[in-house]
Amino acid sequence: MTEKLLINALENEAIYIFREVAAQFEKPVLLFSGGKDSITLVRLAQKAFYPAKIPFPLMHIDTGHNFPETIAFRDKLVKELGLELIVRNVQDSIDQGKVKEESGRYSSRNVLQTTTLLDAIEEFKFDACIGGARRDEEKARAKERIFSVRDDFGQWDEKNQRPELFDMLNGQIQLGQNVRVFPISNWTELDVWTYIENENLEIPSIYFAHKRETFLRDGLIWSASEYVYKDEEEEVKERMVRFRTVGDMSCTAAVDSYAATIREVVAEIRDSSISERGARIDDKRSEAAMEKRKQQGYF
Amino acid sequence: MEVLKIATAGSVDDGKSTLIGRLLYDTKSLTDDKLEAIEKSSKKKGYDYLDFSLATDGLVAEREQGITIDVAHIYFSTATRSYIIADTPGHVEYTRNMVTGASTSQVAIILIDARHGVIEQTYRHFFINNLLRIKSVIVAVNKMDLVNFSEERYNEIKADFEKLVEKSDYEDQNITYIPVSALKGDNVVEKSDAMPWFSGQTLLEYLEKLDTVNIYNRGKMRFPVQYVIRPKTEEFHDFRGYAGKVYGGDINVGDEVVVLPSETKTKVKEIYFNDKKYQSAARRSSISVTLENNVNVSRGDMIVKANELPRIEKAFTAKVCWMCSKSLSVGSKYVLQHGVNKVLAKVSEIHHKIETDFSGVDTQISSLQINDIASVSFQLNKPIFLDAFKEHRTNGAFILIDPQTNNTSGVGFIE
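So the protein sequences, as listed, match chains U and A.
For the first sequence, position 174 matches number 174 in our numbering, and the numbering has no gaps at all.
For the second sequence, position 202 matches number 202 in our numbering, and the numbering has no gaps at all.
If you're looking for bench data, these hints aren't it; they were derived computationally from the structure.
Just to be clear, a hint being listed does not mean it is correct.
Computed footprint of chain A on chain U; a stretch qualifies when at least three of its residues, placed anywhere within it, have a C-beta under 8 Å from a C-beta of chain A [claimed, not checked]:
| id | segment |
| --- | --- |
| 1 | 17-25 |
| 2 | 68-78 |
| 3 | 168-178 |
| 4 | 227-240 |
Each computed BS3-like pair below joins lysine-lysine, with the alpha-carbon atoms no more than 30 Å apart [unchecked claim]:
| id | chain 1 | residue 1 | chain 2 | residue 2 |
| --- | --- | --- | --- | --- |
| 5 | A | K220 | U | K4 |
| 6 | U | K4 | A | K232 |
| 7 | U | K47 | A | K167 |
| 8 | A | K390 | A | K342 |
| 9 | A | K314 | U | K76 |
| 10 | A | K184 | A | K43 |
| 11 | A | K167 | A | K184 |
| 12 | A | K333 | U | K27 |
| 13 | A | K305 | U | K4 |
| 14 | A | K232 | A | K314 |
| 15 | A | K305 | A | K326 |
| 16 | U | K47 | A | K390 |
| 17 | U | K27 | A | K43 |
| 18 | U | K79 | A | K382 |
| 19 | U | K4 | A | K326 |
| 20 | A | K232 | A | K220 |
| 21 | A | K184 | U | K4 |
| 22 | U | K27 | A | K305 |
| 23 | U | K4 | A | K314 |
| 24 | U | K53 | A | K277 |
| 25 | A | K277 | U | K47 |
| 26 | U | K4 | A | K276 |
| 27 | A | K43 | A | K135 |
| 28 | U | K79 | A | K232 |
| 29 | U | K27 | U | K53 |
| 30 | U | K4 | A | K319 |
| 31 | A | K314 | A | K342 |
| 32 | A | K220 | A | K305 |
| 33 | U | K125 | A | K232 |
Note that this is a predicted model, so its numbers are computed, not measured.
Ideal Cβ positions, reconstructed from N, Cα and C, are used throughout, including at glycine.
One chain only, chain U, in its complex shape:
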């Protein structure tokens, strides 16, 4: 038996939040993208309920434009840990005529996910959706609560948020409402990477430097792929890159990198002078992009 438990304040806070979710809600679900933040969430959930299994399923809203490496990783993780995974596809929402595929230069399925997500919440009657959003990611996220109430339409009313005092979390909701829960709200990107390193967590290979067919646009490095619109004159070149987030191929830009191990990635982030969302094409659309998407029910 080890003597005294040394604690990591952020990890303990996240575990506390997971337990509040399990205790206060009937049908929680963990929104899993296969990215580093949701991988961290799975690890924290395991710790929160050991030796019992994680008492809720994982759900992935699949745009169909994910990096194949991410999907392979997702399936492997779920199998190894014996977790339940629900997948709902944006393609189905398109086929049902609920959303219309964008076209042209900056087209992406990122915004379309919202409809698929809201439909899935209704289908399964989920009352709490746990996500890996962090307050340091973006200005509008900085005001997000840990328990964030959404109305029937999944909308976020930023002016009418519940105050969160001490660590008391109020999960009482009306029928039709649901709560988005953010256990790693207070973590920074570096905190997540350091945790992945310390816990020795496996992550998808696209987070490490690899050779990839890419082209440059607006100063960002885009993946050359059938899912990404490209002009004739945009020249494809092989570059050594890695990704700092794993969104859709159509909205996630790569960064030049030779970091091949977690240690090298952590060192790179420590020195990095570009913020993580600086490589998110969806945020570049306008300064208030995230806030607008959130009001419409975006995760």
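Since the structure of chain U is already known, use the hints to place chain A on it.
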């Protein structure tokens, strides 16, 4: 790594956002793309300096009005530790936000505009930091560049604030005064050349040297049970782990404990964190424990040490900060959430409203409006296991939930 949470308070135009922006800039926490956005915005507004306030003002409505209207969280770190700033607005009508931001903070920064000195708003900010029992308070006298970095002016303001401190009943509070210019960067991260007469630490130096062991208010060990872990697997067939967070003091294997409300005596058998067992766990750790005897324990119960029983009460008086536009009056009913425990509560008496400028009380009120602070008595349908807020910063606090809207309508500090 240790995390330090800082609440900031200031009036409109005290330069609070600029101070935070300056902290981020001088600790190299602003990334190139954020800096570029600030430069672009500053230029668009026609400023000949960098408007750091843009680094923190998040929501569209705020950008339009040029003021901060909600609690925003800002992150930066140094080699020593990580910092989270809860940026709370300083207007009269936003007591609610300041209380919220302060409730999770260990340090507070109160900003004073050197030209205006200690004003009514300063009283209110200090009052809230007092009410919330924030142990370390930094009084940052800002805009020193606009008073010619005058030592005399600084001493005047310091003396005025010290008079205010005399009205406080919180003796353990540490108060530190620093003259700064957030805009120019004096005494924020770098020592000021313009104020050689000031021999104290810069703002960041002070934060870096704060002893994180002593910044938390200690109290008796309280372990509110959040969740019961029952794996029902072959290996852990009879396992019952009581999951929760430790507050106030340490918990150890072998401790003689009492489970409330059943008042059953037993001993701590094991302490788990994930798949490892420990001999001891400190406050703020999220652990699970098993007990020697087969006791019936459920969410909302509390495990305490046998010789450290809390008060077990069905009626009590508390200072309440009201946060909802629907008023509170005698007879109003709420769900009272005390830690993870929920009971029903009825307002039995409103004693008096407490003025947040230290001017005294108003006994002529019959209801509480949003942003009011008052002394209120409650009756509960079941007893809770409480401590006075003065003795226990977590077990002495509760929130009130409106049963109709489910909104968090107020917060209470038990007397």
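Do the alpha carbons of A:K232 and A:K314 lie within 30 Å of each other, as the hint requires?
-> violated (36 Å)
Proposed proximity, A:K305 with A:K220 (alpha carbon, max 30 Å) | The given pair, whose Cα atoms are some 8 Å apart, holds under the 30 Å limit.
For the pair we were handed, U:K47 and A:K390, check the Cα-Cα distance against 30 Å.
-> Distance ~33 Å between U:K47 and A:K390 Cα, so the pair is violated.
Pair hint U:K4 and A:K326, alpha-carbon separation not exceeding 30 Å = Distance of about 47 Å is beyond 30 Å: violated.
Holds or violated: A:K184 with U:K4, Cα cutoff 30 Å?
-> Roughly 46 Å separates the two Cα atoms, so the pair is violated.
Restraint check for U:K27 with U:K53, where alpha carbons must lie at most 30 Å apart | holds (15 Å)
Quick one: see if chain A covers the segment 227-240 of chain U, three-plus residues with Cβ-Cβ under 8 Å.
-> violated (count 0)
Straight-line Cα separation of A:K314 and U:K76 no greater than 30 Å?
-> This hinted pair is violated, its Cα atoms lying about 53 Å apart.
Examine the segment 68-78 of chain U: at least three residues should have C-beta closer than 8 Å to a C-beta of chain A.
-> violated (count 0)
U:K4 paired with A:K276 [C-alpha distance capped at 30 Å] = holds (11 Å)
Take a quick look at whether U:K27 and A:K305 sit within 30 Å of each other, Cα to Cα.
-> violated (35 Å)
Taken at face value, is the distance from the CA of A:K232 to the CA of U:K125 at most 30 Å?
-> Judged against 30 Å, a Cα distance of about 26 Å means the pair holds.
Consistency note: the structure conflicts with the earlier hints numbered 2, 4, 7, 9, 11, 14, 15, 16, 17, 18, 19, 20, 21, 22, 23, 27 and 30.
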